[in-house]
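2 protein chains.
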Amino acid sequence: MTNRTDDEYPEAPSDRTHVKRYHWLARYDQETVKAILDATPLAHVGCMMNGVPFVTPTFFWREGDRVYWHGSSAGRLFKALEHQDICLTVSLLDGLVIARSAYNFNCNFRSVMLLGRAELISDEAVKAEKLRNFVDGLIPGEWERLRPVHAKEIEATAVASLSIAEASCKVRTGPPLDDEEDYAFPSWAGVIPIRYQVLPPEPDPRNLPDVPMPEDILKFRLG
Amino acid sequence: MTNRTDDEYPEAPSDRTHVKRYHWLARYDQETVKAILDATPLAHVGCMMNGVPFVTPTFFWREGDRVYWHGSSAGRLFKALEHQDICLTVSLLDGLVIARSAYNFNCNFRSVMLLGRAELISDEAVKAEKLRNFVDGLIPGEWERLRPVHAKEIEATAVASLSIAEASCKVRTGPPLDDEEDYAFPSWAGVIPIRYQVLPPEPDPRNLPDVPMPEDILKFRLG
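Protein sequences, first through last, are from chains A and W. Position 191 of the first sequence, counted from 1, bears residue number 191 in our numbering, the numbering being contiguous throughout. Position 64 of the second sequence, counted from 1, bears residue number 287 in our numbering, the numbering being contiguous throughout.
Some hints here could point you the wrong way.
Said to hold, decoys possible - Reference excerpt, derived from the structure (chain W facing chain A, CB under 10 Å, subset only):
(1) W247
(2) A249
(3) Y251
(4) Q253
(5) H306
(6) I321
(7) P363
(8) W366
(9) D402
(10) A412
What the hints contain is simulated information worked out from the structure, not anything from laboratory work. Model, not experiment: these values are computed from the prediction. Backbone N, C-alpha and C fix where the C-beta goes; we use that ideal spot for every residue, glycine too.
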């Protein structure tokens, strides 16, 4: 299933990030971690609440060696996540891999799993700066074009951050990998590529007539 | 932020599925639950392992009032999930919503969160039947075209299922919703639609020369 010998497998940053299932797809280098984190704003955060490991989809962004995400200061997620280790997972589906046997069906994908203790930002000015980075990371220069933020809006917003040090990635690319004897079996095999498509922006019907769309809006990308 | 009064909000199937954040986007009806589950094969499963709420991306499928997913019989996830309540979340990102203020930035999305105790299927024949439904659900008739499954492959595969009864959905569509006074602010607002794109299939270079691509391969859809 792989061309690497056991000695060639990279080392995980911790025992609990050590990938066991499909371990030949594992990567732990920070370059791969950052590339996957930067490819999409969508993450899924795992956090124990009321005895259940809730999985919450959320937008996030990266600055240096930390990821950030925001929500309501009054929300139960942000109250719960300071008191436990959490998991933040980012995954991108890149294709359906059609093999010659059901057992070797697969998908092409990129995923990263971050583990650790999140920190909440309490300084209001720092929160505002982080939110600006989030907005400008989606659309360059957008923060300056918006109605200036109110202090009560920053107060109502919680911003959490998590180190990207304790991370594991899985990356699968390429054609199916069948059992050698199955390559003689007469079944069509291949990959159906999947990607995100960003469509042309749809203006709000309530836009003012003399406000053109900034060209930066067209710079939004994901995938 | 909504046109509904409190009396008009639908009722959650349990206290722990009751949506509090952006509760005006919540839906609990099984029709919406099924529509979201049927739109993508990608889920994120939350399960406590080694004291951390791990979030694992996985393919899944729905049959009636249950969802199913598979993995390795030897894997730690499938050993852990029978002994605790878990969460299975499915989310689809439909657009970036650009408002006139950072506070009202949003995304259009569909998500469903299922809570409950998963069950592992132990009967090998039932497992094989479920895996057939999974493969044929992705590409109609594909199971029959594949190299027949080996008993040891079924044994090595774990199949879990979870009821969709304890579910909550969130759905956001449409243009930004700004504070009424902000509609006079001269900032461009609108939606950048996002969707999955399925690209033309790429044949495996090792395909046999006389095996054409079945037309059913083109029926794979998601989104």
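Original post:
Going by Cβ atoms only, is D402 of chain W closer than 10 Å to chain A?
Top reply: Result: holds, 8 Å to nearest chain A Cβ.
Original post:
With a cut-off of 10 Å, does the beta carbon of W247 of chain W approach a beta carbon of chain A closely enough for the hint to hold?
Top reply: 13 Å, violated
Subject >> Proposed interface contact between A249 of chain W and chain A, which counts if any beta carbon pair is under 10 Å >> reply: Because about 14 Å separates A249 of chain W from the closest Cβ in chain A, which is outside the 10 Å limit, the hint is violated.
**OP:** Verify the interface restraint on Y251 of chain W: the C-beta must sit less than 10 Å from at least one C-beta of chain A.
**Re:** Since the shortest Cβ distance to chain A is 16 Å, the answer is violated.
Original post:
Is the hint on I321 of chain W kept, meaning its closest Cβ partner in chain A is under 10 Å away?
Top reply: 7 Å, holds
Original post:
Do the numbers back the hint for W366 of chain W, that is, is its least Cβ distance to chain A under 10 Å?
Top reply: 7 Å, holds
Subject >> Hint status (Cβ of Q253 of chain W to nearest Cβ of chain A, threshold 10 Å) >> reply: 20 Å, violated
Subject >> Evaluation of the interface hint that places P363 of chain W against chain A, nearest CB under 10 Å >> reply: Violated, about 13 Å.
Original post:
Was the hint right that A412 of chain W lines chain A, CB cutoff 10 Å?
Top reply: 4 Å, holds
Original post:
Do the numbers back the hint for H306 of chain W, that is, is its least Cβ distance to chain A under 10 Å?
Top reply: At about 12 Å, which exceeds the 10 Å cut-off, the nearest Cβ of chain A leaves the hint on H306 of chain W violated.
Hints 1, 2, 3, 4, 5, 7 from the earlier list are contradicted by this structure; the remaining hints agree with it.
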